[in-house]
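**Student:** Sequences listed follow chains D and U, in order.
Take the first sequence: its letter number 70 is residue 373 in this note's numbering, and every next letter is one higher.
Take the second sequence: its letter number 88 is residue 93 in this note's numbering, and every next letter is one higher.
If you're looking for bench data, these hints aren't it; they were derived computationally from the structure.
Treat the hints with caution; some may be incorrect.
[Said to hold, decoys possible] To give a feel for the contact side, a few chain D residues facing chain U, derived at Cβ under 10 Å:
| hint | residue |
| --- | --- |
| 1 | 524 |
| 2 | 527 |
| 3 | 531 |
[What the hints assert, rightly or not] Computed cross-link-like contacts, EDC-like style, restricted to lysine to aspartate or glutamate with a CA-CA straight-line distance of at most 20 Å:
| hint | chain 1 | residue 1 | chain 2 | residue 2 |
| --- | --- | --- | --- | --- |
| 4 | U | 187 | U | 8 |
| 5 | U | 50 | D | 376 |
| 6 | U | 50 | D | 518 |
| 7 | U | 80 | D | 439 |
| 8 | U | 80 | D | 436 |
| 9 | U | 187 | U | 211 |
| 10 | U | 110 | D | 436 |
| 11 | U | 31 | U | 160 |
| 12 | U | 31 | U | 69 |
| 13 | U | 110 | D | 439 |
| 14 | U | 31 | U | 191 |
| 15 | U | 19 | D | 518 |
| 16 | U | 19 | D | 439 |
| 17 | U | 80 | U | 96 |
| 18 | U | 50 | U | 8 |
| 19 | U | 19 | D | 313 |
We treat Cβ as the ideally placed atom computed from N, Cα and C, and that holds for glycine.
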Amino acid sequence: MTAALAAWIDSSVRTWDLLRQTIVWILRGALRRRRRQVLQQLYEMGNRSVAFITVTLGILGMISVFQVLKQVEKIVPDFSMIGPAFIQMMIREFGPTIAGLMIATRVGSGIAAEIGSMVVTEQVDALRMCNADPVDYLVVPRFVACGIQSVMLSVYGVLVGVLAGAVTAYLFWNVPFETFFRLDLVQWGDIASGLLKAMCYGLAIPVISAQAGLETRGGSEGVGTSTTRAVVNASFAVVVLDLILSGFSYLVLF
Amino acid sequence: MIEFRNIHKRFGEKEVLRGVSLQVEKGQIQYIIGTSGAGKSVLAKHLVGLMRADSGQILLDGEDITDWNEQAFYKVRRRCATVFQHSTLFDSMTLAENVALPLRKHRGLSHQKALVRAMEYLKQVNMADHGHRFPADVGDGLRKRVAIARGLTMEPEYVVFDEPTTGIDPLAAANVDQLIRKLSDDFGVTSIVISHDLRSIFRVADRIAMLYKGRVWLDGTPDEFQETTDPVVRQFISGDAEGPMEFPGVRG
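All chains should be modelled from the sequences, with the hints used to inform the complete structure.
**Tutor:** Set out below in structure tokens:
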């Protein structure tokens, strides 16, 4: 138990150190040199996740609106505020967080598997032998691309979820679109909070996954282990960050 | 001269190196042999800072490099090239670009200049006609030669070859052996060769060290290895399945 705890602390310390190194490389201008890789990563990450996020947030939007309407029907049969409340909740919480969890599984596993197999085939060692730092070469482009893509996919996810919710409300309870699509409850604080969450998830996921990949030991079964670890740790980080950032936004941004 | 002093290294539960001491004289070809998992590659990676020892010292020409940081090790990596087991060419680059990479990173040459120089090195390993091809399009033997060419671009004083003849045909292997010999004889390069290809070992080695149970079991000339009466060494070089050797990972 103590050994497991020690290992966990050890690995967290190294993850923070990887984050520090990544930021140092970016400050030293790694971004300009890695422009092409960033674009390539943006394209790959977006492609990998967009269908996944469409389906998940679409279904989630449908189910939650259906469920809420069914309960509200029994209490106060007034559906006028359902749309605005749902939109606020999507922007502030569900859009970024569900998208974040999806990115953690889809993109996080990809990063860990890619870097992990480079470790076991000694490609990372070969980079270091060529005076090319793996953080600069491999982590920086993924870090930046995932940060951007997480924000974009969250915005997209909110749109899909809200649309699916509106269609459900219209089909099952005849809530007109004009009533559903009202932004009465949405304040700047909600949007800021949602975007902040999306960005933090997007920056945490690649660092955690890359760390898992870089620590791969052994052959191809090692790649499997670190991929699993990346997904578990990255999803866990999304949930914990959600708690911290929600608290922060309610206190600071309202 | 390279000197390992009492190197210990463990991975989790497994203690791979338990006090390895070894000296490699300048200009010599030192083979390191041993079963898979005996820690041959692990030992070699300590020299260029790709792995760090739990305890012990590594001296390069009398200088203690054990605790140097990553930045400082770049200097060491210029002087000690490493040819990896899997050749580790970058799939997204052509063979010539692979060879050019260290020229650009270590020497700061422009892309074009580096490519021209890269072709000269490819010629040295008889690969000049293949520079435009991608690693995935050529066989293992050719990839190995390109990896060696990439190692040579830095005109290193030391080269670590990690299983240079494993997985390639006997002719290509003889070719690689010849290249290793030539580097030592003509350019005074010191080589550390990790191998269990017995034919190469006795053809090229100046000295052989056998790793067993995390230590140097025997360190000597090829003749000493041929004549030794040590049962473990005898079993290894005759390739018997039966004998006193214990294999790591296989608990009997």
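**Student:** Compare the structure with each hint and give your call.
**Tutor:** Evaluated hints:
1. 524: 13 Å, violated
2. 527: At 17 Å from the nearest chain U Cβ, residue 527/D fails the 10 Å test, so the hint is violated.
3. 531: Constraint on residue 531/D not satisfied, violated at 17 Å.
4. 187/U to 8/U: The given pair, whose Cα atoms are some 23 Å apart, is violated under the 20 Å limit.
5. 50/U to 376/D: Distance of about 69 Å is beyond 20 Å: violated.
6. 50/U to 518/D: 16 Å, holds
7. 80/U to 439/D: 19 Å, holds
8. 80/U to 436/D: 14 Å, holds
9. 187/U to 211/U: Distance ~13 Å between residue 187/U and residue 211/U Cα, so the pair holds.
10. 110/U to 436/D: 10 Å, holds
11. 31/U to 160/U: 15 Å, holds
12. 31/U to 69/U: 17 Å, holds
13. 110/U to 439/D: Holds: residue 110/U and residue 439/D sit about 13 Å apart, inside 20 Å.
14. 31/U to 191/U: It holds: about 13 Å lies between the C-alpha atoms, which stays within 20 Å.
15. 19/U to 518/D: 16 Å, holds
16. 19/U to 439/D: 31 Å, violated
17. 80/U to 96/U: Measuring from Cα to Cα gives roughly 26 Å; hence the hint is violated.
18. 50/U to 8/U: 14 Å, holds
19. 19/U to 313/D: Distance of about 18 Å is within 20 Å: holds.
Checked against the numbered hints given earlier, this structure breaks hints 1, 2, 3, 4, 5, 16 and 17; the rest are met.
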